[in-house]
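With the sequences and hints as input, model every part of the structure.
Taken in order, the sequence shown gives residues 9 to 147; the numbers are from the numbering used here.
For the record, the hints were derived by calculation from the structure and aren't laboratory data.
Don't take each hint at face value.
Stated by the list, open to error - Dumping the calculated DSBU-like pairs for lysine-lysine here, alpha-carbon to alpha-carbon at most 35 Å:
1. Lys147 / Lys74
2. Lys16 / Lys74
3. Lys73 / Lys116
4. Lys116 / Lys74
5. Lys13 / Lys65
6. Lys106 / Lys13
7. Lys65 / Lys16
8. Lys16 / Lys106
9. Lys65 / Lys142
10. Lys116 / Lys106
11. Lys74 / Lys13
12. Lys74 / Lys142
13. Lys142 / Lys73
14. Lys147 / Lys73
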Amino acid sequence: MSLYKILKIIVGVLSIVGVILALMIIGGNDGMVDNMIYVTYIVLAMILVLVLIFVIKGLLAGDIKKTLMSVGAFLAVLVISYVMASGTDLNLTQFTDKGVDVTEATSKYVGAGLNAFYALAIIAIGSMAFSGIKNITNK
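Following this line, the structure appears as structure tokens:
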């Protein structure tokens, strides 16, 4: 049996389980929400495993130098974003008074994530604009 058929069967079984749990939740059985969350975790874990398998398969079949350069550039953006984040941008006592456990480290991680998002968005938009302009000028 091929991998495609096995995955198709697994997807079908999980779809049926998901539909049954969704109907039970709609029917008023709120205890099924936990079961639906567990099914979601299982599906997410399966997706992550499959993504890792196909990424490794692609790495072994393709040019590893380009892949490592891309991963290195991504890690460089993350490191630069983390260094640029201060973590002291806001008054943390407002959060701790409400019972939210926010530290400077948490604030720095959030700031680094936002900086990385902005940098990657600018890079993506810039590369799309560059390729569009390049295609127009080459015609």
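Compare the structure with the hints numbered earlier in the document and write down the numbers of the violated ones, lowest to highest. Violated hints: 6, 8; rest satisfied.
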